[in-house]
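Make the full structure from the sequences, and use the hints.
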Amino acid sequence: MPDRVNKAEITCTVNGETLSLKAYPMARLLDVLRQELRLTGTKEGCGEGECGACSVWIDGEIANSCLVPVLQVAGSEIKTIEGIATGEQLHAVQEAFISCGGAQCGICTPGMVMAAVNLLERTPHPSETEIRMGLAGNLCRCTGYMKIFEAVVRACQATGVKA
Amino acid sequence: MTMPASRVARPSTIEEAVRLLADNGPEAVIIAGGTDVVPNLQMKLFAPRVLVDIKPIRVLQGITIAAAGALRLGALTTLTEIVGSPLLQASYPVLVSAAATIAGPLQRNMGTLGGNLCLETRCLWYNQSHFWRKALGGCLKKDGDVCHVAPGGKRCWAAWSGDSAPALLTLDAEVEITGPRGRRRLPLAQFYLNDGMNRIALGRDELVTSVYLPARTAGRRGIYHKLRIRDSIDYPLAGVAVTLEVDRSGVCREARVAITAVNPAPLLVKEASEWLVGQRYSAELVDRVAHAAIRTGKPLTTSASTPVYRREMVRLFARRALEEAWKNGNA
Ligand SMILES: Cc1cc2nc3c(=O)[nH]c(=O)nc-3n(C[C@H](O)[C@H](O)[C@H](O)COP(=O)(O)OP(=O)(O)OC[C@H]3O[C@@H](n4cnc5c(N)ncnc54)[C@H](O)[C@@H]3O)c2cc1C
Ligand code: FES
Ligand code: FES
Chain U
1030 MPDRVNKAEI TCTVNGETLS LKAYPMARLL DVLRQELRLT GTKEGCGEGE CGACSVWIDG
1090 EIANSCLVPV LQVAGSEIKT IEGIATGEQL HAVQEAFISC GGAQCGICTP GMVMAAVNLL
1150 ERTPHPSETE IRMGLAGNLC RCTGYMKIFE AVVRACQATG VKA
Chain L
50 MTMPASRVAR PSTIEEAVRL LADNGPEAVI IAGGTDVVPN LQMKLFAPRV LVDIKPIRVL
110 QGITIAAAGA LRLGALTTLT EIVGSPLLQA SYPVLVSAAA TIAGPLQRNM GTLGGNLCLE
170 TRCLWYNQSH FWRKALGGCL KKDGDVCHVA PGGKRCWAAW SGDSAPALLT LDAEVEITGP
230 RGRRRLPLAQ FYLNDGMNRI ALGRDELVTS VYLPARTAGR RGIYHKLRIR DSIDYPLAGV
290 AVTLEVDRSG VCREARVAIT AVNPAPLLVK EASEWLVGQR YSAELVDRVA HAAIRTGKPL
350 TTSASTPVYR REMVRLFARR ALEEAWKNGN A
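Line order of the protein sequences matches chains U and L.
Residue numbers for the first sequence follow our numbering, beginning at 1030 and rising by one.
Residue numbers for the second sequence follow our numbering, beginning at 50 and rising by one.
Calculated directly from the structure, the hints in this document are not laboratory data.
Cβ atoms here follow ideal geometry from the backbone N, Cα and C, with glycine treated the same way.
Some hints could be false.
To be verified - For each label pair, taking beta carbons as the anchor points, the in silico distance ranges come out as:
1. L:Glu323 with U:Cys1171: 49 to 59 Å
2. L:Arg107 with U:Thr1158: 33 to 43 Å
3. U:Thr1069 with L:Asn247: 23 to 33 Å
4. U:Glu1038 with L:Glu64: 44 to 54 Å
5. L:Trp181 with U:Ser1049: 33 to 43 Å
6. U:Glu1090 with L:Ile278: 21 to 31 Å
7. L:Glu64 with U:Glu1073: 30 to 40 Å
8. L:Pro53 with U:Glu1038: 15 to 25 Å
9. U:Val1034 with L:Gly118: 41 to 51 Å
10. U:Glu1038 with L:His179: 26 to 36 Å
11. U:Arg1151 with L:Lys203: 46 to 56 Å
12. U:Val1034 with L:Arg68: 15 to 25 Å
To be verified - Computed, partial: chain U to chain L, Cβ under 8 Å:
13. Met1055
14. Glu1077
15. Gly1078
16. Ser1084
17. Leu1096
18. Leu1149
19. Pro1153
Written out as structure tokens, the structure reads:
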């Protein structure tokens, strides 16, 4: 039988704010974000690393928050969908999802946006293949992907997409 | 799903990690990127008292040049780092080719090479929820005494389902293992035991610290092909890695073929080197080697696709990979 495990004190940065929180070490980052910090934008789809609905950035890299025991992010910098807009001003990717109809039920959308923004920060002028590869870890059961793809193309249209 | 409550220890040195493993014996489980171990914890395939998080151990990171021109990959090197490494792209393309097919981009950011080499074996009857397995009375590998894949036998056939191991086998890679008695190095081929229950030659108090790629296999042409249900993100159902050294006149000087996901271990196809070295390309020769590959593979009903299909795909991939590596260089 596992021992009684106490909550641990964990310091990390979430959307630019340094926080100190108490959580069970094996609580999933996903649950701590949603339940402790009330950041419910991050969604749970499969809970086993397959769908990307729970995508957040950990130290700048996109990751599945359902696969991370929270103690592993002690000292890390986390970004969630709540940290993407600037106040009331939506990010270009979010605007493009709205104008292209890139969201239907919306469960995959926060993760898709996290993946798309991450891609554009690394590769401001992605090729079509790079867009497809950048979103490859995020599943959508509604849109058939094309409108999501178009939204990402539109978001970087100002400077055009590589052939 | 939630995980069983465990303590999480975060050692910052190899020695500390080894001590934690030695002190806790079978009650300790290593976590690196967590992309394999966390889903398994959620399915209650194991419930360790202590999870030893090796990610804070700095010396396990990164790709460096080692003695005798070998390349050392730290156990914590992520799959994304491998795919993006210009050094590996130029010198060991087969590894990059294989790593690029592992899971999806998110898991490659988190997943490590050490974790990929120490994956749990996978089976249709094992990688299921606690509820599902209980309804069936368990299996040989977990909570039961019957193997549902081969009910008569006492052997577990859960498949080795990693992609980097076959590529590393074709590069004559070695693993470095560290335990209470210090470090040892083992040819990767000896690391795998071809037993679904006891998959790797790693003591309870040991961890994989590095992988070494020898200088002599640098520059070999190579490619990896893999069968999976979803091409964007999935474990292999069959996979073939090939490396070749071909001289200017088109004669093969060195050759390795390795297969994965069709046995409880990734395996070298022994006949490949023997039959290919000294030869020029011919479709018949490649066919013969591809046939040897399917004789080495023993796919059973460990996954949702049929063994016959997976065997035929091993043949096809072996033929295709050999052809590409021979004719187009790094394909
Ligand atoms: C949706 C999904 C799809 C996937 N698809 C693939 C795929 O296509 N191909 C593939 O190969 N893998 C796949 N994986 C598994 C996984 O992402 C990779 O294999 C990854 O490389 C595992 O590394 P990790 O650091 O996350 O391992 P962890 O989960 O941290 O560990 C895996 C195992 O290795 C042990 N371990 C870890 N590091 C060490 C070490 N240094 N020494 C000793 N033992 C160690 C752990 O105890 C555990 O048993 C998939 C996972 C998911 C969730
Ligand atoms: S909820 Fe995390 S990947 Fe599906
Ligand atoms: S909009 Fe429903 S899953 Fe993508």
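For each hint, the structure was consulted:
Look at glutamate 323 of chain L against cysteine 1171 of chain U: about 54 Å separates their beta carbons, and that is inside 49 to 59 Å. Distance hint for arginine 107 of chain L and threonine 1158 of chain U: a CB-CB separation of about 35 Å, consistent with the stated range 33 to 43 Å. Our hint of 23 to 33 Å for threonine 1069 of chain U and asparagine 247 of chain L is violated, since their Cβ atoms are close to 43 Å apart. Between glutamate 1038 of chain U and glutamate 64 of chain L the CB atoms are about 26 Å apart, so this pair departs from the stated range of 44 to 54 Å.
In this structure the supplied range 33 to 43 Å holds for tryptophan 181 of chain L paired with serine 1049 of chain U, their Cβ-Cβ distance being about 39 Å. Distance hint check for glutamate 1090 of chain U and isoleucine 278 of chain L: the Cβ-Cβ separation is about 26 Å, which falls inside the suggested range of 21 to 31 Å. Range check, glutamate 64 of chain L to glutamate 1073 of chain U: Cβ separation about 38 Å, and the 30 to 40 Å hint holds. Separation of proline 53 of chain L from glutamate 1038 of chain U is about 21 Å and conforms to the stated range, judged on CB atoms against 15 to 25 Å.
At about 47 Å, the beta-carbon gap between valine 1034 of chain U and glycine 118 of chain L stays in the expected band of 41 to 51 Å. A beta carbon spacing of about 31 Å between glutamate 1038 of chain U and histidine 179 of chain L agrees with the range 26 to 36 Å that was offered as a hint. For the pair arginine 1151 of chain U and lysine 203 of chain L, the supplied restraint of 46 to 56 Å holds, since their beta-carbon distance comes to about 51 Å. Valine 1034 of chain U and arginine 68 of chain L have their C-beta atoms about 20 Å apart, which keeps the hinted 15 to 25 Å range intact.
With a cut of 8 Å, the hint placing methionine 1055 of chain U at the interface with chain L holds, because the nearest CB-to-CB distance is about 5 Å. A distance limit of 8 Å between C-beta atoms decides the matter here; for glutamate 1077 of chain U the minimum to chain L is near 4 Å, and the interface restraint holds. At a threshold of 8 Å, the smallest CB-CB gap from glycine 1078 of chain U to chain L is about 6 Å, leaving the interface hint in force. Annotation: serine 1084 of chain U was flagged as interfacial toward chain L, and the flag holds, the nearest CB pair being 6 Å apart, inside 8 Å.
Below 8 Å, beta-carbon pairs count as interface contacts, and leucine 1096 of chain U has one with chain L at about 4 Å; its hint therefore holds. Residue-level restraint check for leucine 1149 of chain U is violated (minimum Cβ-Cβ distance to chain L is 14 Å; threshold 8 Å). Checking proline 1153 of chain U against chain L by beta carbon gives a least distance of about 17 Å; that is not within 8 Å, so the hint is violated.
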